[in-house]
Amino acid sequence: SFAFTWVQFNGENCLNKDTKTNLQDGLKVVLKIIKHYQEEGQGSEVVQGVLLGLVVEDRLEITNCFPFPQHTEDDADFDEVQYQMEMMRSLRHVNIDHLHVGWYQSTFYGSFVSRALLDSQFSYQHAIEESVVLIYDPIKTAQGSLSLKAYRLTPELMEICKEKDFTPEALKKANIGFEHMFEEVPIVIKNSHLISVLMWELEDKSTVADKHELLNLSSSNHLEKSLQLLMDRVDDMSQDIVKYNTYSRNLSKQQQQKHQYVQRRQQENAQRQTRGEAALAEEDITKLFKPPQPPPRMDTLLIAGQINNYCQNVKEFTSQNLGKLFMAEALQGHNS
Amino acid sequence: AQVGLGDAVTDPAPRNITAVTFMGVYLHFVSIIFFHSLISYLLLTICNSNVYAYTCMSVYGPAVKIHPVVLASIGDSYERRNEGASRVIGTLLGTIEKHSVEVTNCFSVPHNESEDEVAVDMEFAKNMYELHKRVSPSEVIIGWYATGFDITEHSVLIHEYYSREATNPIHLTVDTALQSGKMNIRAYVSAQMGVPGKTVGVMFTPLSVKYIYYDTERIGVDLLQRTRVTPSRTKGLTSDLSQVGGSASRVQDMLATVLTYIEDVLSGKATADNSVGRFLMDLINKVPTISAEDFETMLNSNINDLLMVTYLSNLTQAQIALNEKLVLL
Chain D
1 SFAFTWVQFN GENCLNKDTK TNLQDGLKVV LKIIKHYQEE GQGSEVVQGV
51 LLGLVVEDRL EITNCFPFPQ HTEDDADFDE VQYQMEMMRS LRHVNIDHLH
101 VGWYQSTFYG SFVSRALLDS QFSYQHAIEE SVVLIYDPIK TAQGSLSLKA
151 YRLTPELMEI CKEKDFTPEA LKKANIGFEH MFEEVPIVIK NSHLISVLMW
201 ELEDKSTVAD KHELLNLSSS NHLEKSLQLL MDRVDDMSQD IVKYNTYSRN
251 LSKQQQQKHQ YVQRRQQENA QRQTRGEAAL AEEDITKLFK PPQPPPRMDT
301 LLIAGQINNY CQNVKEFTSQ NLGKLFMAEA LQGHNS
Chain C
1 AQVGLGDAVT DPAPRNITAV TFMGVYLHFV SIIFFHSLIS YLLLTICNSN
51 VYAYTCMSVY GPAVKIHPVV LASIGDSYER RNEGASRVIG TLLGTIEKHS
101 VEVTNCFSVP HNESEDEVAV DMEFAKNMYE LHKRVSPSEV IIGWYATGFD
151 ITEHSVLIHE YYSREATNPI HLTVDTALQS GKMNIRAYVS AQMGVPGKTV
201 GVMFTPLSVK YIYYDTERIG VDLLQRTRVT PSRTKGLTSD LSQVGGSASR
251 VQDMLATVLT YIEDVLSGKA TADNSVGRFL MDLINKVPTI SAEDFETMLN
301 SNINDLLMVT YLSNLTQAQI ALNEKLVLL
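Those protein sequences? They're chains D and C, same order as listed.
If you number the first sequence the way the numbering used here does, the last residue is 336 and the count never jumps.
If you number the second sequence the way the numbering used here does, the last residue is 329 and the count never jumps.
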């Protein structure tokens, strides 16, 4: 699973980044993200937005967020940067922290490990070291428990992205596996006293929730969907593996050919020497045998990461369901 | 004097169902009578000659539905107010249906208030509204909010401005300074009153406030309710079985409450209530009676499915790990 690191942030040139995310005005940020998806993100569209906050000592504090409009409109002249600037300027007027510290995205059954996410997160992290991407899973939340996770790219992956060198050798040197792509940053939600008072008031005046989704037994739909996505990814993976296999086979065939050529050359030279002729000129081997292009490994890494994520989700889901089934059994046991 | 109608209608419901319905009917009755008597009382006290009262009935029904995100934003803006400002104001966005208003979003507007004048940055309000419209085009301005307990004369002016932006705007007051000991959240609609042509006044008639949630919002808020309990007001996000455990313990608490009530009734301490009894019968009957063997087979097949899926996902993970090692070798 994703690595947890818990290191203090010691000044400017620290390679080990600080790793705790605080949702400082937790209620507001969480509710805004939920509302954004609920109102604008029906279907499998992802919704995105910006997180604002501060970096304080060893924590990243998120205090506000605002949503991005969807890209699906045919607003050719819609300027994203301008929208962002306007928004931040306006928020500054009302004393809201206007520093960009990250972004959030909703996900569909946990499928967010993609090239686009990687690129965006890389550009954010390049500008601000501690920025995170907050992944909100609305379907899992609807099943009963708020699903909000914060991720950041590991320093090794940052290096690789900077170089844009995705060959197997580079990855091997950096020792990146699919498990070391993202590091999950633990989230702590904090609320001020005023908000606590507000929540007392809310609880007082609201009716008791009549849906307890978390204890719902019939969630095979979710499982089916997850497994289907998993199967698709595994198919992609196997295609990728086939590609890599052909590459390595070509490579080894070429090595053999090179070897044979060199041997033949040597034999010829030996024969010529015995006959007293001049040796043939040395030829540049590499020009004759162009090495095949190694396939870029970045996609494989992403697919592997995604598969890993799906598997984790599925396992979590099954463990919860097993618990619920045993509870149902206990209930029946009393009756019979 | 502001009438606490909002308070009366939104009191916490006692556990007894009939008591609730009875109280609801009673309060409704009382509120109607009270409402009418309030109007006549105010009319008599304001003008002592013959008056023609223009009390417009509110366009919306007596309830305003508010999403918790609005309250969270208001609380946050209040905390970030400028030095010396005693309250903050802002615009409310939402949707209007035929008979009710749903407030789904808000943003604060900078303003200056002194003894005798008030200045609100209208440009800012317009700009922010445009930006918000980009994201959610279905939200319209439906009113404004102010923190604080009373409605001041400045409020009347601001309300007038907002009546230009929206028809019949709602005014929401959130008592963040807790002047009355609780955080009072009230909503008002303005109504004209007085003698036409001469002294005209504005009266704010209260509406009742209801909180509505989307399902996911409910779950988010429920989780965050638990931050109230810890001294540092923090909460990490748990996962896996601990969540199911938490949920189960909550159901257990509810069952304990019901059990104490039943025991009280049995021992004669509380009067038996037929409708509660009927609900209890429903509850017991909800647990399906399945024959033991059928249940066994169902349970086993479900458990087997889940175990198989777990096994497969573990296998897949091992497979990709292996693939990686082979490639990087």
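FYI, nobody ran anything at the bench for these hints, they're computed from the structure.
Be aware that a few hints might be false.
Said to hold, decoys possible - Covered, in the sense of this in silico footprint (three residues per stretch, anywhere, with C-beta under 8 Å from a C-beta of chain C), are these stretches of chain D:
id, segment
1, 81–88
2, 101–114
3, 133–144
4, 290–299
Said to hold, decoys possible - Below are the EDC-like pairs computed for lysine to aspartate or glutamate, each with C-alpha atoms no more than 16 Å apart in a straight line:
id, chain 1, residue 1, chain 2, residue 2
5, C, Lys-65, C, Asp-116
6, C, Lys-210, D, Asp-204
7, C, Lys-126, C, Asp-116
8, D, Lys-324, C, Glu-296
9, C, Lys-210, C, Glu-139
10, D, Lys-225, C, Glu-139
11, D, Lys-324, C, Asp-305
12, C, Lys-65, C, Glu-165
13, D, Lys-315, C, Asp-215
14, D, Lys-32, C, Asp-215
15, C, Lys-210, D, Glu-201
16, C, Lys-133, D, Glu-40
17, D, Lys-190, D, Glu-86
18, C, Lys-210, D, Glu-203
Note that CB positions come from ideal geometry on N, CA and C, so glycine has one too.
Pair hint outcome, Lys-65 (chain C) versus Asp-116 (chain C) [Cα-Cα no greater than 16 Å]: violated (34 Å)
Straight-line Cα separation of Lys-210 (chain C) and Glu-139 (chain C) no greater than 16 Å? Since the Cα atoms of Lys-210 (chain C) and Glu-139 (chain C) sit roughly 19 Å apart, the hinted pair is violated (cutoff 16 Å).
Quickly compare the C-alpha distance for Lys-324 (chain D) and Asp-305 (chain C) to 16 Å and report which way the hint goes. holds (14 Å)
For the pair we were handed, Lys-32 (chain D) and Asp-215 (chain C), check the Cα-Cα distance against 16 Å. holds (14 Å)
Straight-line alpha-carbon gap Lys-65 (chain C) to Glu-165 (chain C), limit 16 Å: violated (20 Å)
Are there three or more residues in the segment 81–88 of chain D whose C-beta lies within less than 8 Å of some C-beta in chain C? holds (count 3)
Outcome, coverage hint (the segment 290–299 of chain D, chain C; C-beta under 8 Å; three residues): violated (count 1)
Can you confirm whether the C-alpha distance between Lys-210 (chain C) and Asp-204 (chain D) stays at or below 16 Å? Status holds; Cα separation ~11 Å.
Quick one, are Lys-315 (chain D) and Asp-215 (chain C) close enough, alpha carbons at most 16 Å? Since the Cα atoms of Lys-315 (chain D) and Asp-215 (chain C) sit roughly 25 Å apart, the hinted pair is violated (cutoff 16 Å).
Lys-324 (chain D) and Glu-296 (chain C) were given as a pair; does the straight-line alpha-carbon distance stay at or below 16 Å? holds (15 Å)
Residues of the segment 133–144 of chain D with Cβ under 8 Å from chain C, three needed, outcome: As far as the segment 133–144 of chain D goes, the hint holds, because 4 residues have Cβ atoms under 8 Å from chain C.
State whether the coverage of the segment 101–114 of chain D by chain C holds or is violated, taking the criterion as 3 or more residues with Cβ-Cβ distances under 8 Å. Answer violated; 0 residues pass the 8 Å Cβ test.
Checked against the numbered hints given earlier, this structure breaks hints 2, 4, 5, 7, 9, 10, 12, 13, 17; the rest are met.
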